[in-house]
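Q: Top to bottom, those sequences are chains A and B. So for the first sequence, our numbering puts the first residue at 8; every next one is plus one. So for the second sequence, our numbering puts the first residue at 5; every next one is plus one.
One should not assume that every hint holds.
[What the hints assert, rightly or not] SDA-like, lysine to any residue: derived pairs with alpha carbons at most 20 Å apart:
no., chain 1, residue 1, chain 2, residue 2
1, A, 39, B, 346
2, A, 188, A, 167
3, A, 72, B, 10
4, B, 270, A, 19
5, A, 153, A, 129
6, B, 18, B, 29
7, A, 240, A, 28
8, B, 321, B, 274
9, A, 246, B, 372
10, A, 240, B, 274
11, B, 18, A, 202
In case anyone wonders, no lab produced these hints; they're calculated from the structure.
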Amino acid sequence: MNIIVCLKQVPDTETQISIAADGKSISTDNIKWVMNPYDEYAVEEALQIREKFGGEVTIVGVGPKRVTESIRTALAMGADKGILVDDQAIVGNDSLGTARVLTAVIKDLDYDIILCGKQGVDDDYGIVGSMLAEFLDIPQISIAVKLDISEDGSKVTVNREVEGGTFVIEAPLPALVTAQKGLNEPRYASLPGIMKAKKKPLDVKAIADLGLDAGSVGEAGAKIEIKEITLPKPRQAGKIVEGETPQEKAANLAKFLHEEAKIL
Amino acid sequence: MDFSLSMEHDILRKSVRDFAEKEIKPVARELDDKEEFSYDTMKAMADLGLFGMFVSDKYGGQGMDYVSYIIATEEIARIDGSHAATVAAGNSLGIGPLYYYGNEDQKNKYLPKACRGESLWAFGLTEPNAGSDAGHSQTTAELIGDEWVINGSKIFITNASTDISEGIIALCKTGNRENGHPELTSIIVEKGTPGLETRVMHGKLMWRASNTSEIYFEDCRVPKENLLGPVGNGFHQMLATLDGGRLSIGAMGLGGAQGAYDLAIKYAKERTQFGKTISSFQVNAFKLADMATEIECARLILYKACWLRDNEKPFGKYAAMAKLYCSEVMGRCVDHAVQLHGGYGLMKEYDVERFYRDHKLLEIGEGTSEVQRIVISRLINAV
Ligand SMILES: Cc1cc2nc3c(=O)[nH]c(=O)nc-3n(C[C@H](O)[C@H](O)[C@H](O)COP(=O)(O)OP(=O)(O)OC[C@H]3O[C@@H](n4cnc5c(N)ncnc54)[C@H](O)[C@@H]3O)c2cc1C
Chain A
8 MNIIVCLKQV PDTETQISIA ADGKSISTDN IKWVMNPYDE YAVEEALQIR
58 EKFGGEVTIV GVGPKRVTES IRTALAMGAD KGILVDDQAI VGNDSLGTAR
108 VLTAVIKDLD YDIILCGKQG VDDDYGIVGS MLAEFLDIPQ ISIAVKLDIS
158 EDGSKVTVNR EVEGGTFVIE APLPALVTAQ KGLNEPRYAS LPGIMKAKKK
208 PLDVKAIADL GLDAGSVGEA GAKIEIKEIT LPKPRQAGKI VEGETPQEKA
258 ANLAKFLHEE AKIL
Chain B
5 MDFSLSMEHD ILRKSVRDFA EKEIKPVARE LDDKEEFSYD TMKAMADLGL
55 FGMFVSDKYG GQGMDYVSYI IATEEIARID GSHAATVAAG NSLGIGPLYY
105 YGNEDQKNKY LPKACRGESL WAFGLTEPNA GSDAGHSQTT AELIGDEWVI
155 NGSKIFITNA STDISEGIIA LCKTGNRENG HPELTSIIVE KGTPGLETRV
205 MHGKLMWRAS NTSEIYFEDC RVPKENLLGP VGNGFHQMLA TLDGGRLSIG
255 AMGLGGAQGA YDLAIKYAKE RTQFGKTISS FQVNAFKLAD MATEIECARL
305 ILYKACWLRD NEKPFGKYAA MAKLYCSEVM GRCVDHAVQL HGGYGLMKEY
355 DVERFYRDHK LLEIGEGTSE VQRIVISRLI NAV
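Build the full structure now, drawing on both the sequences and the hints.
A: So this is what it looks like as structure tokens:
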């Protein structure tokens, strides 16, 4: 069973984000980049599928050279090979642009299942997986918390949680599934794994290698434009309601809610 | 000049950091409290590949450079000193001498299992009457027929009496040199050898979840082949092993300092008094600035020492400097970190309390700070 995992690199969730001078992007000066956490579930699931069915796990990433580190991390976890599309033309990709690039890479590969994270934790669009499945004309099931492939490898069954219940969804392979937290516990890149990953193949491709028109991706091909990014308002300091007794505190709280907060 | 680490070093750091935060942090406080060596975390660390990091893959090691080993130890120490001690002693003091001085048979026999972390080896140097003066070991080994007969005792030996401890490399006196100094020789003593007894030492201030033992040899007989390297090579082996070991103690100082700093800055930015975060008071912000600066210096000297070692250049002076500096930086950092936590920093519920205690060993083990100063002063020809 050949498995493809699409991987995005995102700022570490502990990074303090600041907005760049243009007001439309984030400042990348002090960012620590990591593999998108949802993609870690996708990588882990891919490795588990391979452990059961055999085959190969290929990691596909789109972005600048630094993304190599996240792809190598996936290789250190156990994936077999990596492909990175790094090209000046993809700068400014919206989700559609990314999906187009991924499609161009993946359409010629031999795959049974494609796994993506359910969304990137940076811009949270959550649509690249769906677009990619659409371009490849294969079924897609999003936000999986459980994934099973039939013994004969012909279909995939996925659990998807919704408010108060669970959908059990099935699709024939090849299909695309996006991973949600809870799907599995991603393994660590082990030290022997890190050494082995050094020797695994990682191809770097340009837009021209993929036969893509540079105008269809990056800023030139984007269908949406970010106008402005703003940070949430800093949280106001809390207020402690004073009072000698619980009764007095409750009365003061009611008074505050009524007179100052004006919600009673 | 190039200060950058490789991509593999970065991946390694992130992986070990995530591991330590998720697998060790949740249990560290309780293990410390119960003074318990955990076989679960030992296995998890072994599965991650934390044993045999610098050993060639020919013997089941990871074949990584020394910087990698030091980064991994640093990241474990950033979360817990006891676990870092198990890793540092396991690699530098247990696996190290077997790898560097063992013959092919010994390496093939012991290393693969040790590198899988299924066994632990200990290095028995210190004795009740030979601490800093480890060259005056009183434990004797006498060759009688085809066997070494060992008598004496060792104290404070890390990893010697866990359920998976497989043996001890014992520094023994095998005679006298012409100059009157004792002739020292390393001998491999497998666990279970009659006449060998190990006793766990309890009641430690620090490294409470690490295994420390007293060892007794009473007419303990081991085959002649258990000699590690040539007769009389023990003192040289000890010095070389300690040079490497000092880098790992340095890593524990650096990692511990970083861990204390991370706890301190987080706390200081959350805790408010007088209507402001305590980190906004200049006296506290300056403490954090001092910590950050010293940690950076500690990292530079330690990595430089590793770089020298990886590039086969003399590194002994830098190893002593790094061990001395990193452990003292941790001392200053844990002091500031507890101070910033106020009363809470004195409570076991706060991890910083454990860092404060765990630090003290670093100025004592593998050569006290005084001994490091003696070593450095000799190497700079001051005396
Ligand atoms: C938890 C733990 C784990 C350990 N693990 C191991 C291990 O795995 N293997 C092993 O072999 N040992 C181990 N040790 C032993 C450790 O290395 C010794 O404790 C250390 O070398 C100091 O020896 P000592 O305790 O006998 O102190 P002493 O040598 O008695 O020193 C007492 C004091 O005198 C000072 N001093 C001594 N000589 C001089 C001098 N010439 N000039 C100035 N000051 C001097 C010292 O600096 C110190 O302050 C461990 C110790 C501990 C506590």
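Q: If you check each hint against the structure, which ones fail?
A: 1, 5, 8, 9
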